[in-house]
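Protein chains in written order, with this note's numbering: chain A, 1 to 241; chain B, 1 to 236.
Each hint should be verified, as a subset may be incorrect.
[Said to hold, decoys possible] Listed below are several chain A residues computed to face chain B (Cβ distance under 7 Å; list not exhaustive):
no.: 1; residue: A3
no.: 2; residue: A6
no.: 3; residue: R10
no.: 4; residue: R77
no.: 5; residue: Q79
no.: 6; residue: G80
no.: 7; residue: T81
no.: 8; residue: E83
no.: 9; residue: L84
no.: 10; residue: L86
no.: 11; residue: T87
no.: 12; residue: W88
no.: 13; residue: P89
no.: 14; residue: L124
no.: 15; residue: K126
[To be verified] Ranges between beta-carbon positions, derived for each pair:
no.: 16; chain 1: A; residue 1: S225; chain 2: B; residue 2: E192; range: 55 to 63 Å
no.: 17; chain 1: A; residue 1: I201; chain 2: B; residue 2: Q54; range: 31 to 39 Å
no.: 18; chain 1: A; residue 1: G232; chain 2: B; residue 2: G136; range: 37 to 45 Å
no.: 19; chain 1: A; residue 1: T18; chain 2: B; residue 2: S10; range: 37 to 45 Å
no.: 20; chain 1: A; residue 1: A112; chain 2: B; residue 2: G29; range: 53 to 61 Å
If you are wondering where the hints come from, they were derived from the structure by calculation, not from laboratory data. Even for Gly, the Cβ is constructed at its ideal location relative to N, Cα and C.
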Amino acid sequence: MRAFRAILAREFLGYFRTPLAYVFLAVFNAFAVSLAFFVGSFYESGIANLDRFFIYHPWLWAFLAPAAGARLWAEERRQGTLELLLTWPVTVWQAALGKFMAAWLFLATALAMSLPMVLTVSWLGKPDLGTIACGYLGSLLCGGACLGIAAVCSALTRSQVIAFVTGFLACFILVIIGYGVLDNLLSGVLPAQYVSNVARIGLWRNLEPFTLGILGIQPLTYFISVALAGLGLSTLMIERR
Amino acid sequence: MALIEAKNLSKSYGTIRAVSNISLSVERGEVIGFLGPNGAGKSTTMKLLAGYLQPDQGSARIAGFDVSESPVEAKSKLGYSPEGAPAYGEMTVKEFLHFAATLRGLKDAATRVHETLALCRLSDVAGQTVDTLSKGYRMRVGFAQAIIHDPEVLILDEPTDGLDPNQKHEVRRILAGMAERKAVIVSTHLLEEVEALCTRVILISRGEIRCDETPKSLLARFPGKRMDEIFRHLTT
Numbered sequence: 001m002r003a004f005r006a007i008l009a010r011e012f013l014g015y016f017r018t019p020l021a022y023v024f025l026a027v028f029n030a031f032a033v034s035l036a037f038f039v040g041s042f043y044e045s046g047i048a049n050l051d052r053f054f055i056y057h058p059w060l061w062a063f064l065a066p067a068a069g070a071r072l073w074a075e076e077r078r079q080g081t082l083e084l085l086l087t088w089p090v091t092v093w094q095a096a097l098g099k100f101m102a103a104w105l106f107l108a109t110a111l112a113m114s115l116p117m118v119l120t121v122s123w124l125g126k127p128d129l130g131t132i133a134c135g136y137l138g139s140l141l142c143g144g145a146c147l148g149i150a151a152v153c154s155a156l157t158r159s160q161v162i163a164f165v166t167g168f169l170a171c172f173i174l175v176i177i178g179y180g181v182l183d184n185l186l187s188g189v190l191p192a193q194y195v196s197n198v199a200r201i202g203l204w205r206n207l208e209p210f211t212l213g214i215l216g217i218q219p220l221t222y223f224i225s226v227a228l229a230g231l232g233l234s235t236l237m238i239e240r241r
Numbered sequence: 001m002a003l004i005e006a007k008n009l010s011k012s013y014g015t016i017r018a019v020s021n022i023s024l025s026v027e028r029g030e031v032i033g034f035l036g037p038n039g040a041g042k043s044t045t046m047k048l049l050a051g052y053l054q055p056d057q058g059s060a061r062i063a064g065f066d067v068s069e070s071p072v073e074a075k076s077k078l079g080y081s082p083e084g085a086p087a088y089g090e091m092t093v094k095e096f097l098h099f100a101a102t103l104r105g106l107k108d109a110a111t112r113v114h115e116t117l118a119l120c121r122l123s124d125v126a127g128q129t130v131d132t133l134s135k136g137y138r139m140r141v142g143f144a145q146a147i148i149h150d151p152e153v154l155i156l157d158e159p160t161d162g163l164d165p166n167q168k169h170e171v172r173r174i175l176a177g178m179a180e181r182k183a184v185i186v187s188t189h190l191l192e193e194v195e196a197l198c199t200r201v202i203l204i205s206r207g208e209i210r211c212d213e214t215p216k217s218l219l220a221r222f223p224g225k226r227m228d229e230i231f232r233h234l235t236t
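One chain only, chain A, in its complex shape (with noise of 0.2 Å):
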């Protein structure tokens, strides 16, 4: 618990010694701002709700979960580091988790300062807080999953950039699974339920119920074991290097 507290620590505060955690921050939240207002009509539609604010975010969390994630473990591997914290008296499992919930928690971070959309929304209108609630829930949970990915990429390689480009694919794979246009293509050469079941394992169809305030046992599901599957891949993966 000792080991883990001060790896979560230690990764969590590396976050904000570069640059790069303030980009992040700004970046995801005026991308997640602008596309709820410019591309979703959020104030055009005249709804005291933030579907239209969810609905962007397996974009944002594509991109932006394996930009947090890529340095979980390249970076160790580049400085040399990895083999002094795993000649330290922890084990993988520690280390692993601990920088994984690092990496969540800075995600949650860049969610939480998107609130003031709440504050807005609740101004404009009476929204139903409890699923404002439950769209935060599923967002935070897809970034979890987009970070399990993003975890296993990082420990193929000690190069971040790479590590942020296959996870950004793999996470992009994801995100456009479910969608309109894929469906289309699909359409062509699967018959119609095949379609429809691979949908499911898109992000955006799993996010969807949560936007809609519902709390279904499917999507939670999909999204834990898709970010258990990643930390657990990936701590295997440095397990057996």
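Starting from the known structure of chain A, fit chain B onto it as the hints suggest.
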């Protein structure tokens, strides 16, 4: 009981056999000079002893704990500085040592950090980030994290590499001051370091031990030859 014990350690990278059937044993009070040409398997052996790599065959024990079976116990008795003395570049020296002390579960972490900073003459740069340090200071930071918990076993991979003569002298002085309470393995290319510091020489070439004896008896075996001549003779 030997504080460091290796039995028939072997390790291959793909088809390359880096370490072949190495056995050694180090008692308290001994300082082993680990010699050998580049690529001989020195660093691999040290990584195996420190538990960073898993051996293909054989086993290693640190202070009685098997490195593979009880890694956390073994590592808590060990201070290890890998080649090049890596450290988290974005942390200050003090933060880094404090992190190392916390992960090792030291109760009096702040005091130990303070004492270690003083012992390694790092107090002046305690507030600087590791990235901004000169090589001499960096090597000392690597050394400092290895001794912060006053371990029984010290394994140092080229701790004086790239240091100027004064800095080398300084590291040797600190090591000599604590050597009698510990079992130490130091890898080096500096043959004068072996004569000045080490109680025993283990010479390794192509993954195998070529000699394991005191510097004196090694010199006596080749009358009239200097250490570097003996080194060449045994490794080529």
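Here is what the structure says about each hint:
At its closest, the beta carbon of A3 (chain A) sits 5 Å from a beta carbon of chain B; the interface hint therefore holds under the 7 Å criterion. About 4 Å separates the beta-carbon of A6 (chain A) from the nearest beta-carbon of chain B, less than 7 Å, and the hint is met. This hint holds: R10 (chain A) has a C-beta 6 Å from the nearest C-beta of chain B, less than the 7 Å allowed. The criterion of a C-beta within 7 Å of any C-beta in chain B is not met by R77 (chain A), whose closest approach is roughly 10 Å, and the hint is violated.
A least Cβ separation of about 6 Å between Q79 (chain A) and chain B falls short of the 7 Å threshold, and the interface hint therefore holds. Because the smallest distance between the Cβ of G80 (chain A) and any Cβ of chain B comes to about 3 Å, under 7 Å, the interface hint for this residue holds. Interface restraint check for T81 (chain A): the shortest CB-CB distance to chain B comes to about 5 Å, inside 7 Å, so the restraint holds. Among the interface hints, the one on E83 (chain A) holds; its C-beta lies about 4 Å from the nearest C-beta in chain B, closer than the 7 Å criterion.
For L84 (chain A), the interface hint holds, since its Cβ comes within 7 Å of a Cβ in chain B; the closest pair sits about 6 Å apart. The closest approach between the C-beta of L86 (chain A) and any C-beta of chain B is roughly 6 Å, which is under the 7 Å cut-off, so the hint is satisfied. Taking 7 Å as the C-beta cut-off, the interface hint given for T87 (chain A) holds, the closest approach to chain B being about 5 Å. Using the Cβ-Cβ criterion of 7 Å, the hint placing W88 (chain A) at the interface with chain B is satisfied: the shortest such distance is roughly 5 Å.
Given hint, P89 (chain A) at the interface with chain B, holds; its Cβ is 4 Å from that chain's nearest Cβ, closer than 7 Å. With a least beta-carbon distance of about 43 Å to chain B, the hint placing L124 (chain A) at the interface is violated under the 7 Å criterion. With a least beta-carbon distance of about 46 Å to chain B, the hint placing K126 (chain A) at the interface is violated under the 7 Å criterion. With their beta carbons about 60 Å apart, S225 (chain A) and E192 (chain B) fall inside the hinted range of 55 to 63 Å.
Between I201 (chain A) and Q54 (chain B) the Cβ separation comes to about 35 Å, which falls inside the hinted range of 31 to 39 Å. Judged by the Cβ atoms, the range 37 to 45 Å given for G232 (chain A) and G136 (chain B) holds: they are separated by roughly 42 Å. Judged by the Cβ atoms, the range 37 to 45 Å given for T18 (chain A) and S10 (chain B) holds: they are separated by roughly 41 Å. Judged by the Cβ atoms, the range 53 to 61 Å given for A112 (chain A) and G29 (chain B) holds: they are separated by roughly 56 Å.
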